[in-house]
Structure formats: structure tokens, C-alpha cells
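This is what each chain is made of:
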Amino acid sequence: DTGVSQDPRHKITKRGQNVTFRCDPISEHNRLYWYRQTLGQGPEFLTYFQNEAQLEKSRLLSDRFSAERPKGSFSTLEIQRTEQGDSAMYLCASRGDRGRGTEAFFGQGTRLTVV
Amino acid sequence: TQLLEQSPQFLSIQEGENLTVYCNSSSVFSSLQWYRQEPGEGPVLLVTVVTGGEVKKLKRLTFQFGDARKDSSLHITAAQPGDTGLYLCAGAVSGGSNYKLTFGKGTLLTVNP
Chain F
1 DTGVSQDPRH
11 KITKRGQNVT
21 FRCDPISEHN
31 RLYWYRQTLG
41 QGPEFLTYFQ
51 NEAQLEKSRL
61 LSDRFSAERP
71 KGSFSTLEIQ
81 RTEQGDSAMY
91 LCASRGDRGR
101 GTEAFFGQGT
111 RLTVV
Chain U
1 TQLLEQSPQF
11 LSIQEGENLT
21 VYCNSSSVFS
31 SLQWYRQEPG
41 EGPVLLVTVV
51 TGGEVKKLKR
61 LTFQFGDARK
71 DSSLHITAAQ
81 PGDTGLYLCA
91 GAVSGGSNYK
101 LTFGKGTLLT
111 VNP
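If you're matching them up, the sequences are chains F and U in order. 1 is the number of the first residue of the first sequence in this note's numbering; add one for each residue after it. 1 is the number of the first residue of the second sequence in this note's numbering; add one for each residue after it.
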């Protein structure tokens, strides 16, 4: 296991379509995050899982967004009825349970373009 | 209001020059990370600092965590074109749940040959 893996790397979709992204974290990491990054900005927190439990969701995560992490392994992020404003880089990160050391490792991201 | 303020936002320098970028906050952090991100890629972790006053070196990069754990700096000596990228600081607020990383907007560094 060499790192966090995200699929697909790029997605172009028409407005109104649904899209789903997948994240495979580092295998021994129990914590998984989704972030969104737009041009010129740092990543913005979307949601957090500890094992299979979704413990926090940002206000950025509207009701069109849903994330799951069945069995506490891989995670999916689904966006329903996509809008042009959803165009962004969607980043997944994972980390183990290390107390104060909050080293999170990121995947390469999924670049979503809504046309 | 941005929890983590990074400065400068943009920096363009010549190869061989030194530079410092800053990450400031009014909040205390239990730890702070620096990442480097290239276009179209995810952020890559450079370093984690945990103790106030801590200094870490990574080849030509020197990272410092402020004594009060509210700020940090990244100094690059003799910059090279390969250092070009977006430098992001991220921290977990002390006393919070300690799991959520908050990012600054980043410093976009361009090193010209």
C-alpha cells in the first residue's frame, strides 16, 4: 500500500447529472477526510470519518452531497444534480490514530468539471 | 475570517535566492503541517511541527513553529526551479477534537531559472 488512492482522476459531467468518487485510504489508517479545493484557495474541509462512522459534516456539504465509508475501508463521495459551482478538485486524506501528531496524507484528487 | 493566514500570497524569485513564507493565526494549534502542492495534484506532506519553538530542517527547507504555537514559517535557502509550487500550512486547533485540519490559502511560489 503506497498511499491514498482516488478514482477517477478527472471527471467531466453535464449539469444535473450525478457523480460518485472513490477514495482508498492507507490501509492501517482509521481516519478519512474529504476536502474540496477551488482555484486559488486552500483545501476546505467537507467531512470526516473515523472507521465507518461519519463524525462531522461541514456546512459546505449540502443535501446534494453524501459520503459513505462502509466497513471503515474505502469511501465514496456522491454529488447529486451537479451544478457548475461544484466544479473543483475533491481531495481525500487519511491518517492513523497518533494523538497530537495529525499527519494527514492526501490522494492525488479528483478534478470535477461540470459543464 | 481565515483561521490561518499565509503570506505572501504570491512570490516570484530567481534561482538561488532565499525566501521565507509565513503562516499566522490567533488560535493555538496542537500541531501544524506544511504541504507542497503542484498543479493538478494533491498536497504532499513536507513536515509536521508539534512543540512550540521547534525547528525542523529538510535539506534546504527550514520550518519553525512559534513559541506560542500560533504561527509558523518556512524558509528556503538557494531556491531552485523544482521548488515551484503552492505551499500550504494546515493545523489542528488545540483543545478541539484534534482531528480536523484547517488550511491556509497557500503561498504560490515561482522560482525562475
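Just so you know, these hints were derived from the structure itself, not from any lab. Each residue gets a CB set at the ideal place from its N, CA and C atoms; glycine is no exception. A few of these clues could be false.
Pairwise CB distance ranges, derived in the manner of DEER restraints [stated by the list, open to error]:
#	chain 1	residue 1	chain 2	residue 2	range
1	F	54	U	26	45 to 55 Å
2	F	62	U	18	39 to 49 Å
3	F	62	U	67	25 to 35 Å
4	F	84	U	27	31 to 41 Å
5	U	82	F	111	32 to 42 Å
6	F	62	U	9	27 to 37 Å
7	U	18	F	103	37 to 47 Å
8	U	78	F	50	21 to 31 Å
Some chain U residues judged to face chain F by a derived CB distance under 10 Å, without partners named [stated by the list, open to error]:
#	residue
9	37
10	42
11	48
12	64
Below are the DSBU-like pairs computed for lysine-lysine, each with C-alpha atoms no more than 35 Å apart in a straight line [claimed, not checked]:
#	chain 1	residue 1	chain 2	residue 2
13	U	105	U	70
14	U	59	U	70
15	F	71	U	59
16	F	14	F	57
17	F	57	U	105
18	U	100	F	71
19	U	56	U	100
20	U	105	U	56
21	F	71	F	11
22	U	56	U	70
23	U	70	U	100
24	F	14	U	105
25	U	100	F	14
26	F	14	U	56
27	U	100	U	57
28	F	71	U	105
29	F	11	U	57
30	U	57	U	70
31	U	70	F	57
32	F	57	F	11
33	F	14	F	71
34	F	11	U	100
35	U	105	U	57
36	U	59	U	105
37	U	100	U	59
38	F	71	F	57
Of the hints given before, which are not true for this structure?
Violated: hints 1, 3, 5, 7, 8, 12, 15, 26 and 29.
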